[in-house]
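Asks: Spelled out from the first residue to the last, the chains are:
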Amino acid sequence: MKSGRFLALILGAATIALVVIGTVWPVPSAAAYAGAQSMLASSSTAEAAVRNLGDEIRAQAWEKAYGSLANKAQFTEPEFVHDLTGYYPSLLTYSTLDKFEVRPLHASDTDAEMQLTLHWATVVGTSSSTRELHVVKNGDTWQAEWPIVKQPALPPQVIPVNYLRWDVIYRGPGDDWGSQDVEAPHVRIVDMHPVERADGVVILGELLNEDVVPAYVSVSATLLSKNQSTIATEGSFDKISHLLLPKQVTPFFIKFPNVSLSDVGSIHMTPLSALIAASADPVIEIGDEQLHPAPDASLTGQLINQSGQIVNVAHVLGTFYDKSGKVVWVADQYVNQALLPQSPVPFQIHVPEDLARNVATQRTVVSTYSSGGSL
Amino acid sequence: MRLRSPILHTTLAFCAMHLAVAQSPSISVPKTVEAGSAFSVQSTGSGKATLYIIGPEQVLKRDVQLGETTYFPAGSLYNAGRYLAVLAGESATQNDSFDVVPASKPVNISFFAKPSRLPIGLHDGITGVVYLFDAYHNLIQTPTPVSFELSTPSGALQKRLVVTHEGAAWTSMDSTAQQGVDKFVARIGEVSSTRIIGQVPGDPCGLKMNAKPSGQKVQLVTDPVRDCSGNAIPDGTIVTFTEIYNGTQSTIDEPLKHGIAEATLQVHSGARLSVASGVVMGNQIGWSQ
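So the sequences go chain by chain: A and B. Going by the numbering used here, the first residue of the first sequence is number 1, and it counts up by one from there. Going by the numbering used here, the first residue of the second sequence is number 1, and it counts up by one from there.
Everything labelled a hint here was simulated from the structure, so no lab data went into it. Certain hints may be false.
Stated by the list, open to error - Pairs of lysine to aspartate or glutamate, DMTMM-like flavour, derived with a Cα cap of 25 Å: (1) A:LYS239 to A:ASP281; (2) B:LYS208 to A:GLU183; (3) B:LYS31 to A:GLU183; (4) B:LYS183 to A:GLU183; (5) B:LYS257 to A:ASP140; (6) B:LYS212 to A:ASP288.
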């Protein structure tokens, strides 16, 4: 009993002591988040100036961040904020800066070049963007010049869109027992094979909508052992283009962590399709796609929205084939800015370096999500 | 078939048997009664009694004078199944059983046709199943001929005559080479049911595009896209145009509009242009300007 009271007394005293220490001598990051001064109070070096800027962006202290810039006369504070979070609703609109990295590229006594990589926490995972900042020395302090990317101004115009749309009327509750319902779309897995990776097994493949109506699709796979017992069941989740228009093909990627291919006797694939109301708009052109070899193997290109509707989120899925046409990898990227009509937006999909050397060709599809609205 | 009520059946019969009466009445019921038709129950003896008719989802009760005939009008019993007649007199009970059978004339049919949409040219691709019911929704199990007819807009007709087995008849039909909306009719006498079957084109066949300059870009336009039977591929079908030039690639997925697909691409001289739809490849063009 006595020892219990003594322990409680010690814990209480320790808590009070820690609260006092934290209040009197707060850690810089906590102070910054609480709205106090930046973590680095002085921009005495070029790197410190960029770090301060990064901290202010992370704390969404836009006024301070804008005020610290050397070239703020070239743009307004709202333009600066929109350059970071998007002019139109996009992935970045509802994200926060998780962390950032600063890498010096070049420095002299009066100016420097710094690379600022921003890692945003979005609803679909981390989205990174890199900016190269010119930093100049003004008196005793350094100030960053923000490389503003202004949204291209689209001329006011009317873009006629003659798009197709499918609507679905299902059977109603008053229909008699024997009346038929609308048929689910017919889809077919046209390619599938497992690949062993260091962290498990992945199932790669392609799914075709062979019907004349749009389909909402997903694929799940069940790994069976050699004695036909179930090892695991997983779905493609977002590693697939869920909306398939007639004769459209999507890749899919299903991951089974901590499974060895040698334990797998067979694989049971289950494609799922359902009718869905859909539109053939918007049409996205995928231009200038280029495969870059290792190191940093990737597929780059740009998306061009050929419609008049703003696309808020674009999901790019790349299918990579070897010389024989076999799928060797499937990878994806969410584009973190909205696609405006006729405005190219770059994308980059990374490919594992050990597989990149086998890639001979590729095919890319884009899923789009729009929240409506017009120019 | 309707559900029976065995618990009610047993309980009422058990109670009736405990009504001891001095006289010994008896009843005579028909062996079978067609659902919905009138029938009668003859009793013998003297005195008063209560007649219970107990069956699937139905119980009838009548006060009767023993020795007389009790009439039940049309529509009294309508659920097919096994019925029990219990005559509870003052001193004794008698019971007998009979069957209510479905009416022989089908009034309702349930027609399942699958699928509602399928590609052209599929052997036995369309199936139809029919269940026959009388006016009271009893399944008619008497073998009955059913006529199935599948007609296309071009006038082609497939016909089958199938006799029901335990209340059901089924058949399969081929989808024809022409797209369109087919009528699939099941008919028994004057009763019929119609289902709509959509026959849709197959894969594109002989996909071909042409390219011509359009300002700084190149306009790619397909010929009218058709399947191998000459049916127009529906609008909305995705056609993929691809440009490959010096290690770079540009693609665009365009839906068919008015039977053709067209796209405008920034094409380099020396590029290779190709067109595809689904897993079907079209022609290739080497572009030089």
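Asks: When the hints from earlier in the document are held up against this structure, which numbers fail?
Replies: 2, 3 and 5
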